[in-house]
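Asks: Residue numbers (the UniProt record's numbering), protein chains in the order written: chain A, 1 to 417; chain B, 1 to 294; chain C, 1 to 369.
Please keep in mind that the hints were generated in silico from the structure rather than gathered at the bench. Just so you know, these numbers come straight off a predicted model, no measurement behind them. Glycine residues also receive a C-beta, built at the ideal position from the N, C-alpha and C atoms. There may be inaccurate statements among the hints.
Residues from chain A that keep clear of chain B, each with C-beta distances beyond 12 Å, as calculated [claimed, not checked]:
#: 1; residue: 115
#: 2; residue: 256
#: 3; residue: 257
#: 4; residue: 302
#: 5; residue: 310
#: 6; residue: 333
#: 7; residue: 337
#: 8; residue: 400
To spell it out: a stretch of chain C is covered by chain B in this simulated footprint if at least three of its residues, at any positions, have a beta carbon under 8 Å from a beta carbon of chain B; those stretches are [to be verified]:
#: 9; segment: 88-99
#: 10; segment: 289-302
#: 11; segment: 329-341
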Amino acid sequence: MNISSARRLVAVATASAMVLLSGCGARVSDDTATAGEGTSCVDTSGSSVKIGFLNSRSGTMAISENTVYNSLKLAADQINAAGGVEGKQLTIVAEDGASEPTVFAEKAEKLIRGDCVAAVFGGWTSSSRKAMLPVFESNNALLFYPVQYEGLESSKNIFYTGATTNQQIVPALDYLKEKGAKSLFLVGSDYVFPQTANKIIKAYAKANGIEVKGEEYAPLGHTDFSTIVSKVKAAGADAVFNTLNGDSNVAFFKEYKNAGLTAEAMPVLSVSIAEEEVGGIGIGNIVGQPVAWNYYQTIDSPQNKKFVADFKTAYGDAKVTSDPMEAAYTSLYLWKGMVEKAKSFAVADIQKAAGGVSFEAPEGTVTVNGDNHHIAKTALIGKIAQDGLIYTDWTSGKPIEPDPFLKSYPWAAGLSG
Amino acid sequence: MEILLSQLFNGLSGGSILLLAALGLALTFGQMGVINMAHGEFIMAGAYTAYVVQNLLGDAGLSLLVSLPAAFVVGGLLGIALEALLLRRMYHRPLDTLLVTFGVSLVLQQLARDVFGTAGVDVAAPAWLSGPVVVFGTAFPKTRLFILALALVAVAVLASLLAFTPLGRRIRATVQNRSLAESSGISSRRTDRVTFFVGSGLAGVAGVALTLMGSISSNLGTAYIVDAFLVVVVGGIGQIKGAVIAAFVLGVAQSWIEYSTTASIAKVVVLAIVVAFLQLRPQGIFVVRTRSLV
Amino acid sequence: MNLKSFLTGRWAVVGGFVLAAVLLLVVAPALLTPFRLGLLGKYLCFAMVAVGIGLAWGRGGMLVLGQGVFFGLGAYIMAMHLKLADAPASTGVPDFMALISSDGVPFWWEPFRSGAVTLVAIVVVPALAAVLLGLATFRRRVRGAYFAILSQALAAAFAILLIGNPRSTGGSTGLNNFKGFFGFSLRDPANRLTLYVIAVVALLAMVAVARQLMVSRYGELLVACRDAEERVRFLGYDPAAIKTFAYAVAAVMAGVAGALFVPIVGIISPNDVGIVPSIGLLIGVAIGGRTTLLGPVLGAIAVAWAETSLSERFPSGWTYAQGLLFMLVVAFLPGGLASLGPVLRGWRDRLRPAVPAEKTSVPSLSGGS
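Generate coordinates for the entire structure from the input sequences, incorporating the hints supplied.
Replies: Structural data, given as structure tokens:
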């Protein structure tokens, strides 16, 4: 065979492929007709039912996601010990998302179509969630996503048990305003969460007479913050709003301290630093800085005391509990509540029953919003203390209804457009 | 003015970090042509050594001083192990060393995750390195001054080692013409091993320095390895002075471009500069003149 | 049958192609579930990249550490077209862009509204990039380690650029959520099967092209460049042109693979094109036997399959396995598994010194520096 005949082969093959395509494939226009393709293969006839955990057990995000896996596992073990869900024991199928969106999408499909799980719990980065979203929608399956995120999303196939923007970022801004901040400097990692968050922050600032003195992004994993800290210092804002992710926080806070900046003179409010991360940053570098979440290990309630004690019994005394871990733990109980209310494991039944399902979570009472699939939760601003734990400094007082598209905030009009 | 000064300093400081990371590479890549992708993980090993030493000793100041030699030895031993077990048989296949050492780096990273956990750990800086020194109204972080000094000391020690000791003479002879050096009675075997020890040891030292700047986790090395290689490539093989100039030029360029644009763009622009520069001088800033055609 | 006669025997070649086509087009779809077949389609995309790497690296001695760039070019071009085609007709702005900014579609997206331009660009853009880069570096005799490091730095810069421009490239999420492929719904299993068939045909075509190049006069020149570039130059040939051509062919193969990866897998992100995946593409080639025709293909498929099945059982096990494979195969079996037979025969012969040792036919390898 010579090259020209090889080319001929390609041409013939392409032509026949085109014929094949036009012969029996559905066009995009008749897509609605094929939606029934996602019929579930979940088997609920036996004495157990399968659920999927999809967390990054390897790669850069394993740092955070292993802890989520642990608390999901704890919740499943507790539920099983208490008799399971609707009398059925939970069988866990765990998959590794490997910190890569592509892998998350592939493993999600494997869990849904290969293992036929009733629901999937996991994901951390917005990238991983956005990668999985079309998989869950096209297969009409359920994902429980446990991390605070940038909002502007609401899928009928995803339940968001972390905070959306009006339960974390907006209260954090209210807090800074209350403390008298007249100007802000925005520092974030270069990806969708910080960019969307900063868009919201700028709209809020404009409406409230707060000046934004600068906005800087660092590539994910960036380790040299000398230039960015120089800019922050030169700008001299009243506070810094920090949406950096992962390891970058360590380099940033070390640089911040070494440049002579302090929490008293120019506080840095962070929305991605929880109890887990404080140790890696070094308590001395971050003590006294404020953070915004919906849960801290120090919350004084019987539910939380039990959660923390159970977690330490299962994984060791040195372990801490953090907001995403609590949200993951809560997500499994919320799913249990939905199934029991619907008396069915079927996706459509759960979607119908979800609204109003409530759980006495370690963070307080949480209630599922049936329209946008987020949950009402209380916003807490905390301060990092010398012992590495975070203590509540300010609270919204009552659960805030989730509003992922910020529809009820006049200043946010046009953001979600 | 203040910004001008502090940005110049930030650039020099970034350059000194690059230099520390690249110095050992300049030696191993320069002398043996070995492309050691695991160099970044030797840096990581140095950083974890500092962590372990601090946990054993407690005092931050003392442990920093103890960590420096300890990390040098840890890095050096890792280097010798790599050389003896794998690279020894591969000197005639320099490109393949890149792949083999990439494999080593994957294993070392995973090993670090399994031993120290996936979460980053912290090494506290001693009190005498905390905060800035203020000169002419410009703040210079003490940690960065320390790293700058450390890099200069490392260069001075390495340069005098190469220039004035018998070992240095042997190393230079092997770099310039391996077979001629061998026929003059130099054991290139032993020279290689010692060179690898020193080069990898310097990676360990760089790791200790990095604990002052950022997080210590299993992917510490990956952040620096490509930049370090670029420094060596731009500097020219087998040359310490080339690496020094290249590191500082790239460091200053990075921080200046970053100041007027963003960190992402700065990284890409610096790379474009490197490619353009190699068009002008494919062998780097300084070339060791040999009669070899290659 | 030894490899050389396999490569040259006309009937063996035709027979091999028919056998592969039957296995991939009839047996695999019959045995595998749609999900597993989709995974196999993904492996085939990696195999296409591997064919090119085998040519450039195995035959040409160029350690191409940045194939992720060309893979990514093809993939993102295809993904841009699919996103634009999915965009609501009223605005013409893809969903993710409308969410994050209100600036509309960047000008450099516009050409890819056209399907024809997209298909041409998938071939031309990677080829052009490779020719420019190849001429720039090879003409200046940048080679060996320098070339490897440059191509690696290029992959790093490419990923940084993609991540740093979320408004136009989707940032670290990349581009996903494609509904149709040139008007055909990607949700329909029949269409997904067709995509798989296209991937099989593309791979077979690439293997045919690679084989043709290898047995041609050009193929011999390429090997000569690898083993003794100066001599080729003294004989009056232009090594830079010879190497650039192989580099460009490898780039086109990677680009087409990327373009098929997008509809088959349904997502492309910077994680699939940076330094680590770029090197990851090499391991299959090294294991299969870099200098052979089929070694890279089989190696790439085997490695991708092993990654999927191993990571399903032991999350961190795959990293160890990948690392060890790199170390052991490259250090101790540089010819890959394809050379295992001859190497073993060599050992046996050494154990029995009485028998005059037969010259083994391990493809020779040089560092290429």
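Asks: Which numbered conditions among the earlier hints are violated in the structure presented, ordered from lowest to highest?
Replies: 2, 3, 9 and 10
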